[in-house]
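Visitor: One letter stands for each residue in the lines below.
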Amino acid sequence: MTEPRDRGNWAKPVNEFRVGETTGDAVIGNVEGRRPTGPLQGFGRLWQKTYQVLVPGHSPEEIISVWKERFGEFWPPSNKFYAPAAGLAPGEVALITGGRGPARVTTGVRVIYADERSWSYMTPEGHPWAAIITFSADEVDDDVTAVMIQLMVRANDPLYEVSFKLYTSRLEDKIWTHTLTQLAGHFGSDAPVEMAVNLIDKRRQWKQFGKIWKNSAIRTLLRRDRHVNARREAGTATPVPEEHPGEISKEESL
Amino acid sequence: MPTTNLTTGIRDVAEGVRVIDIRGEITAFSDEEMSKAHEEAGDGAKAVVLNFTDLEYMNSGGIGLLVTTLIRAQRSGHALRAYGLSEHYQEIFNLTRLDEAISIFDDEASAVSGRRP
Numbered sequence: 001m002t003e004p005r006d007r008g009n010w011a012k013p014v015n016e017f018r019v020g021e022t023t024g025d026a027v028i029g030n031v032e033g034r035r036p037t038g039p040l041q042g043f044g045r046l047w048q049k050t051y052q053v054l055v056p057g058h059s060p061e062e063i064i065s066v067w068k069e070r071f072g073e074f075w076p077p078s079n080k081f082y083a084p085a086a087g088l089a090p091g092e093v094a095l096i097t098g099g100r101g102p103a104r105v106t107t108g109v110r111v112i113y114a115d116e117r118s119w120s121y122m123t124p125e126g127h128p129w130a131a132i133i134t135f136s137a138d139e140v141d142d143d144v145t146a147v148m149i150q151l152m153v154r155a156n157d158p159l160y161e162v163s164f165k166l167y168t169s170r171l172e173d174k175i176w177t178h179t180l181t182q183l184a185g186h187f188g189s190d191a192p193v194e195m196a197v198n199l200i201d202k203r204r205q206w207k208q209f210g211k212i213w214k215n216s217a218i219r220t221l222l223r224r225d226r227h228v229n230a231r232r233e234a235g236t237a238t239p240v241p242e243e244h245p246g247e248i249s250k251e252e253s254l
Numbered sequence: 001m002p003t004t005n006l007t008t009g010i011r012d013v014a015e016g017v018r019v020i021d022i023r024g025e026i027t028a029f030s031d032e033e034m035s036k037a038h039e040e041a042g043d044g045a046k047a048v049v050l051n052f053t054d055l056e057y058m059n060s061g062g063i064g065l066l067v068t069t070l071i072r073a074q075r076s077g078h079a080l081r082a083y084g085l086s087e088h089y090q091e092i093f094n095l096t097r098l099d100e101a102i103s104i105f106d107d108e109a110s111a112v113s114g115r116r117p
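First to last, the sequence lines map onto chains H and E. The first sequence runs 1 to 254 under my numbering. The second sequence runs 1 to 117 under my numbering.
Among the clues, some could well be false.
Covered by chain E, according to a simulated footprint, are these stretches of chain H (three or more residues, beta-carbon under 8 Å) [stated by the list, open to error]: (1) 6 to 13; (2) 38 to 44; (3) 132 to 140.
It should be emphasised that the hints constitute simulated quantities derived from the structure, not laboratory data. Cβ atoms here follow ideal geometry from the backbone N, Cα and C, with glycine treated the same way.
Just chain H, same shape as in the assembly (with noise of 0.2 Å):
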């Protein structure tokens, strides 16, 4: 059989996500042994987000190139992307920081596909969703690419699901329209970003409804996701296996 083409770009599975060394004010906590959680787990309704902005005169390649290198610079300032030191490649752990308040929560991401075009990730139990969010490039046309961002989400716990209705669903379109906003920006392009929303499965998973006690929110609240940060200075932390993703090097923030 002959080799598949895409064997370089995908990740091996885990069972856990583990990250590595930390700098900053990088929290691990609400990361650190936690499943990794798709599309078809969580509690919530699935939901397929689209946003897209057109893009003159660059290549799909070359825009996903300084998109990869340069990803936290186009969030909003509310949140901060601490990337792994190896760049957003397959297996590497990415570490976030996101709202403001009582509404902060630090969370992760892991990189679970990535190409010339575009990467994908998945993210861990008690995010906010469960999740595989997948940024990509094509050309439409002469000249024109089409760079998206498309989320295949449900809320992983029914109190997201709850602040999914009430506000966490229009802040995600704000985060994601930023973005895409001010990447298009970067490239001289000052097109709208255009967006579609389909609900995929309306059935809420009541299976799921024990997820609420790894919510990342509540535990950022009440600080519990600094227990693993503390213990790791203080020495006690359990030792990272040598192979694990995602080494954490830099922050990036705006």
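Here the structure of chain H is known, so what remains is to put chain E in place on it, guided by the hints.
Guide: Just chain E, lined up with the frame of chain H:
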């Protein structure tokens, strides 16, 4: 404009069970071909079996497409099963936890019967 390199064929293999033979690539651009095949195969079926033996390439957009196909199957009330996945693609199903929802079998006979030897 990107196009798909996916072709499919449908076979009646047992009462209420049809196989979709997948050839080529599964990406986000394969939606139309895959939807059409699944709609036809699933009509009145109790199970649809996806044959991945001739799958050449899949990116993460392809995973999203399989998620959507699974939801459609659940909505229609028939099972979705798979066989013919290489070790590489079984790993991807495991990575994305798709294998928790789509049962994977070693061969067509067991996928059709829904029973492992």
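Visitor: Among all the numbered hints in the text so far, which are the ones the structure does not match?
Guide: Of the numbered hints, all hold.
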